[in-house]
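The listed protein sequences derive, respectively, from chains A and B.
Every letter in the first sequence is one number past the one before it in numbering that gives the first Met the number 0, and letter 37, counting from 1, is 36.
Every letter in the second sequence is one number past the one before it in numbering that gives the first Met the number 0, and letter 139, counting from 1, is 138.
Hints were generated in silico from the structure; no laboratory data involved.
Take these hints with a grain of salt, some might be off.
As the list claims (entries may be wrong) - Label pairs and their in silico Cβ distance ranges:
| hint | chain 1 | residue 1 | chain 2 | residue 2 | range |
| --- | --- | --- | --- | --- | --- |
| 1 | A | I43 | B | E40 | 52 to 60 Å |
| 2 | A | R23 | B | P135 | 41 to 49 Å |
| 3 | B | D49 | A | S1 | 36 to 44 Å |
| 4 | A | S1 | B | R100 | 37 to 45 Å |
| 5 | B | Q99 | A | E38 | 43 to 51 Å |
| 6 | B | S67 | A | E4 | 56 to 64 Å |
| 7 | B | R142 | A | G102 | 49 to 57 Å |
| 8 | A | E66 | B | G69 | 55 to 63 Å |
| 9 | B | S67 | A | E147 | 28 to 36 Å |
| 10 | B | A9 | A | K130 | 43 to 51 Å |
| 11 | B | Q99 | A | S33 | 22 to 30 Å |
| 12 | B | E4 | A | I43 | 30 to 38 Å |
Claimed, not checked - The calculated SDA-like cross-link candidates involving lysine to any residue, where the alpha carbons are at most 20 Å apart (straight line), are:
| hint | chain 1 | residue 1 | chain 2 | residue 2 |
| --- | --- | --- | --- | --- |
| 13 | B | K130 | B | S37 |
| 14 | B | K130 | B | S33 |
| 15 | A | K161 | A | E147 |
| 16 | A | K161 | B | K105 |
| 17 | B | K130 | A | P81 |
| 18 | B | K105 | B | E147 |
| 19 | B | K161 | A | R121 |
| 20 | B | K161 | A | E16 |
All of these numbers come straight from a predicted model, not from anything done at the bench.
C-beta atoms are modelled at their ideal positions from N, C-alpha and C, and glycine is treated no differently.
There are 2 protein chains.
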Amino acid sequence: MSESESAIQAAGLELREEPVAADREAVRRMVADSGFFSEAEVEIAVELVDERLAKGPSSGYEFAFVESGGVVSGYACYGEIPCTVGSYDLYWVAVDRSQQRRGIGKLLVQLVEDRLREAGGRKVFIETSSKPQYDPTRHFYDRCGYVERARFPDFYAPGDGKIVYEKSL
Amino acid sequence: MSESESAIQAAGLELREEPVAADREAVRRMVADSGFFSEAEVEIAVELVDERLAKGPSSGYEFAFVESGGVVSGYACYGEIPCTVGSYDLYWVAVDRSQQRRGIGKLLVQLVEDRLREAGGRKVFIETSSKPQYDPTRHFYDRCGYVERARFPDFYAPGDGKIVYEKSL
């Protein structure tokens, strides 16, 4: 068992890495309730679950769900970037509102990094918005050891830039 | 008719913006023959045609083909970046080997830019490799007015970084 799996167990949580149909609604709820994401972004988060349910591993999307008594507390979605050798995108990390400040986000990021190391991953990328409301998100990635690698002003919309974080494994 | 459409006509070429099934092979040939792309990349170029053929405009992939006497001389593939307002990726520009040095690539880029301006596009992004073999590609983007915005060393593979170019419309 990897260190991150032990830590999830020690926190009284269960890990599940294969999505089921009910995860569509769990993902929708967690991503929407976070208040950070637009409706279009919520739909995309759900679509990635759909892709995985329809196509399995060939979808390119990997998932990790942590649960407490069968209820999803948080999840991560990641995948190898097409046409790269060992570069991965961490697409989503979301934690149920009632379960925040318990360190679940960090446990999920560590689990993903362990899985990527096992798979020969070299780099993890995370994209996020430059808007002030995302300050907590960016501090979270800082604390997880991610480094800002690029900024694209006005990328998402005028006044809403993209920041790309990277971590070498 | 936009300026770029007139220029395509003046060059004795025809423009077509809806892919047909035969474009799968034309795209495969042009992208493979360029010598710049891996097999996996060639497959992705063809997959984008498939997505468009299967889903139409909702695929998110737009195309422009220039033809001479019914034979495809070059093509471009582009699309709005999900969750952005007016930011587009120019995914592919490829010109048949026998038709190069006629300015077809530049005509295609100008046509794409005209289309994006018409659609309210603000920014165009292009990603390419940092490897020396891509020097001509990067010089081409320079000449088209694209500016290097970010570099990610070792992104595609060790020693093969990604460069992101941007142009504001």
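K105 of chain B and E147 of chain B: Cα distance at most 20 Å? holds, 18 Å
Would you say the C-beta atoms of I43 of chain A and E40 of chain B sit inside 52 to 60 Å of each other? Hint violated: Cβ distance 24 Å, outside 52 to 60 Å.
Given a hint of 43 to 51 Å, does the C-beta separation of A9 of chain B and K130 of chain A actually sit inside it? holds, 45 Å
Within 37 to 45 Å: is that where the Cβ-Cβ distance between S1 of chain A and R100 of chain B falls? Since the Cβ atoms of S1 of chain A and R100 of chain B sit about 54 Å apart, the hinted range of 37 to 45 Å is violated.
For the pair E4 of chain B and I43 of chain A, does the Cβ-Cβ distance stay inside 30 to 38 Å? Holds: the Cβ-Cβ distance is about 34 Å, inside 30 to 38 Å.
Is it true that E66 of chain A and G69 of chain B lie within 55 to 63 Å of each other by Cβ? holds, 58 Å
Are the Cα positions of K161 of chain A and K105 of chain B separated by 20 Å at most? Violated, because 28 Å separates the two Cα atoms, which is more than 20 Å.
E38 of chain A and Q99 of chain B - C-beta distance against the hinted 43 to 51 Å: Once the Cβ atoms are compared, 44 Å apart, the range 43 to 51 Å for E38 of chain A and Q99 of chain B holds.
Is it true that the CA of K130 of chain B sits at most 20 Å from the CA of S37 of chain B? Given pair K130 of chain B, S37 of chain B holds - Cα atoms ~13 Å apart, limit 20 Å.
Does R121 of chain A lie within 20 Å of K161 of chain B when you go C-alpha to C-alpha? Given pair K161 of chain B, R121 of chain A holds - Cα atoms ~15 Å apart, limit 20 Å.
If you draw a straight line from the CA of K161 of chain A to the CA of E147 of chain A, is it 20 Å or shorter? holds, 11 Å
How does the Cβ-Cβ distance of D49 of chain B and S1 of chain A compare with 36 to 44 Å: does it lie in that range? holds, 38 Å
In summary, the numbered hints that this structure violates are 1, 4, 9, 11, 16 and 20.
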